[in-house]
Every structure is written in C-alpha cells, then in structure tokens.
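**Q** Here's the letter readout for the chains.
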Amino acid sequence: DAGVIQSPRHEVTEMGQEVTLRCKPISGHDYLFWYRQTMMRGLELLIYFNNNVPIDDSGMPEDRFSAKMPNASFSTLKIQPSEPRDSAVYFCASSTNLLAGGVTDTQYFGPGTRLTVL
Amino acid sequence: GQSLEQPSEVTAVEGAIVQINCTYQTSGFYGLSWYQQHDGGAPTFLSYNALDGLEETGRFSSFLSRSDSYGYLLLQELQMKDSASYFCAVRDEDNFNKFYFGSGTKLNVKP
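In order, the protein sequence lines correspond to chains A and B.
Residue numbering for the first sequence follows this note's numbering, beginning at 1 and increasing consecutively.
Residue numbering for the second sequence follows this note's numbering, beginning at 1001 and increasing consecutively.
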C-alpha cells in the first residue's frame, strides 16, 4: 500500500488567499483525521471523519477552516482566507477499527503539508 | 479534559538506554500510545498500552501504570537513527476516537 498521500507537500501563499490541502487515506480505512502541528501548540486534532461523515470538528480553529470528505478515498481541508498564523504542518491520518482496540492503537500519518502564509 | 506531560528534551549516547516519561490526567482512560517523529517527517506509531505492565517490541518497550497515571517509553541499544521526537497520546474521555498528544520529547543521540 502507498500509505496516506497528501498534496501538496509544500505550499507558500499570501495572506488572504484560499488554500486547499488534499488527502488520500489508506484504502479500507474508515477513519480520517486532520491534524495541525506547530512549535507552540504541538500536534492538534482539527477534525475527524468516520465513513466520510464528520464526527468531531471541535478542533477547527474558526470559520475560515472547512473540511470535506466526498468519498472514502479523498478529503480536503480548506482555509479561506488564509492568515500568517495558519502557517504550520498539516497532517492527514487514517485508521481502521479503532473501537476494537486490541493490539494496536494505530493511526497512519501522511507526510504532511508544510503551509507558509506570508 | 486531558493533559499530558513529557520532558522537552533528553540526550543520551549511542548504545545506552534511555527512558522517556509521560504523565497524564484524564477522567476516562483507554490506553497510552507512543509515536516517533523524525525531523521533517510524519509521526509513526510505536506502541500501545491498555493494561498495566511492560510491552516489548524489539529495542523499544513501553510501560504503563494506570494507578500512577504514568507511562514511559524505554529505548535500548540506542542508535543514531533513534534521534527523533517521541509523543505520548491518550484518547478523549468522551470521544473514543479522538486523540490528544503530548508536547513531545526530543531525543538527541550522540556518538
């Protein structure tokens, strides 16, 4: 399997522009997570989906952020308009059957998108 | 809510053993996970403890004491490639599939 795929890997944009980050989860995984990582705040969960349905978006910073999952193999995180404080690395992760617990508690992370807003 | 505390940085020499501690506060507890992240890379899963005791996976072991709200990651026979940040994580007390990560411990392995 190719693992979780994210694009673009790097994005540099100017304040006020719209930014769209993309994620393809591992095939067969029914959970998809969007995280943001910064030095100040660490790794924060923004939103997660189960079977394409948003379950918890309490981590989404404000209305400028939105996420969609139109099908099981694709999700987007959009920031409109972007601001310099949105600069961070955004990770997408996927997993399956977390409720079963068991031996593993694994989320598989994509390589991340490094966003710089000037 | 949940809170996790880890040391910010640890330094050790190649071949040594190092322990990275994690203390947590959570009303409900479903287990403690550990992730490794190299600079510029993505977090990768290392281990998970749901019950008290030691879980061993090769050179890495993870320990949990639920009564003390404490766990640690033990790395043996340190190698230069082990230089990375290590995060502990717990699930949300009300939302089983929501994770909180500690701030991470940066491990520096020196020759």
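By construction, these hints were calculated from the structure, which means they are not laboratory data.
Incorrect hints may appear among the rest.
What the hints assert, rightly or not - Straight-line Cα separation of at most 27 Å, BS3-like style, residue types lysine-lysine; simulated pairs:
1. Lys68(A) with Lys1098(B)
2. Lys1081(B) with Lys1106(B)
3. Lys1081(B) with Lys1110(B)
4. Lys1098(B) with Lys24(A)
5. Lys78(A) with Lys1081(B)
6. Lys78(A) with Lys68(A)
7. Lys24(A) with Lys78(A)
8. Lys24(A) with Lys68(A)
In this text the structure is predicted, and so the values were computed from the model without any measurement.
**Q** Against each hint, give a clear statement of whether it holds in the structure.
**A** These are the hints, each one checked on the structure:
Of the pairs offered as hints, the one joining Lys68(A) and Lys1098(B) holds, with about 18 Å between alpha carbons and a cut-off of 27 Å not exceeded. Only pairs whose Cα atoms come within 27 Å are accepted, and Lys1081(B) paired with Lys1106(B) is accepted, the gap being roughly 13 Å. For a cut-off of 27 Å, the pair hint linking Lys1081(B) to Lys1110(B) stands: about 10 Å separates their Cα positions. Straight-line distance between C-alpha atoms of Lys1098(B) and Lys24(A) comes to about 20 Å, which keeps the hinted pair within the 27 Å bound.
At roughly 35 Å between alpha-carbon atoms, Lys78(A) and Lys1081(B) are farther apart than 27 Å, so this suggested pair is violated. For the proposed pair Lys78(A) and Lys68(A), the alpha carbon gap of about 8 Å is at most 27 Å, so the pair holds. Between Lys24(A) and Lys78(A) the CA atoms are separated by roughly 15 Å; this keeps the pair inside 27 Å, and the hint holds. For a cut-off of 27 Å, the pair hint linking Lys24(A) to Lys68(A) stands: about 12 Å separates their Cα positions.
Violation of the numbered hints given earlier is confined to hint 5; every other hint is satisfied by the structure.
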